[in-house]
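> If you want the building blocks of each chain, they are given just below.
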Amino acid sequence: RKEVEQDPGPFNVPEGATVAFNCTYSNSASQSFFWYRQDCRKEPKLLMSVYSSGNEDGRFTAQLNRASQYISLLIRDSKLSDSATYLCVVSLGGNKLTFGGGTRVLVKP
Amino acid sequence: DARVTQTPRHKVTEMGQEVTMRCQPILGHNTVFWYRQTMMQGLELLAYFRNRAPLDDSGMPKDRFSAEMPDATLATLKIQPSEPRDSAVYFCASGSRTGDSTYEQYFGPGTRLTVT
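So the sequences go chain by chain: A and B.
Per my numbering, numbering through the first sequence is continuous, rising by one, with the last residue being 109.
Per my numbering, numbering through the second sequence is continuous, rising by one, with the last residue being 1116.
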């Protein structure tokens, strides 16, 4: 079983719609959680950290469910520019990060 | 705007040749990471350094890969001899702790390696 699992998608989303997807992690000792965004043929970039109480950054909302060992990302009012692969990232603490395989999102007009 | 830089951006080489990839981390970052990304395996950690000392290279094939950090401004990843299965995008990343003690990692643009 992979340490961090994601639905690869693609999630085809009409512009302006809401999309949400999850990521599960296997190690209950995981301490830090992040979402990264990766555009085609580009490097991954930090989108947001995920806090225990959940957090919001503009149109993006991240939630953490420690009991069920998953994190989620919700994108409201999707823009064409939101089309990308979203990488779920987990850390046991320290600096080492474990990346999921990514969920591809395609926002269409 | 501080960035991680990597050279070369693209490399095409023949099987058996040595490949050297270079990375300049963001000034002041004390951790440096090497990742490999392929369609099949996704993003895999090869090795990482803290304060120039290697901390973990368990993800790296030891027989042909080597990673070094000769000084705080340069990290290198070498493959000798290269094989077609090494074809991938190799990312370097550097990291630091933020004011609220969370850890953030910043990626370079990657080296796209093709071994024929």
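FYI, nobody ran anything at the bench for these hints, they're computed from the structure.
Incorrect hints may have been included.
[What the hints assert, rightly or not] Now the stretches of chain B that chain A is said to cover, found in silico as 3 or more residues with beta-carbon under 8 Å: (1) 1056–1064; (2) 1106–1113.
[Unchecked claim] Distance windows between CB atoms, simulated: (3) A:Pro10 <-> B:Ala1072: 20 to 30 Å; (4) A:Pro10 <-> B:Arg1112: 14 to 24 Å; (5) A:Ser28 <-> B:Ala1053: 43 to 53 Å; (6) B:Gln1017 <-> A:Leu92: 16 to 26 Å; (7) A:Arg76 <-> B:Glu1068: 43 to 53 Å; (8) B:Asp1063 <-> A:Asn12: 22 to 32 Å.
Here a beta-carbon is modelled for each residue, glycine too, at the ideal position from N, C-alpha and C.
> Find the hints from earlier in the document that the structure breaks and name them by number, from lowest to highest.
1, 3, 5, 6, 8
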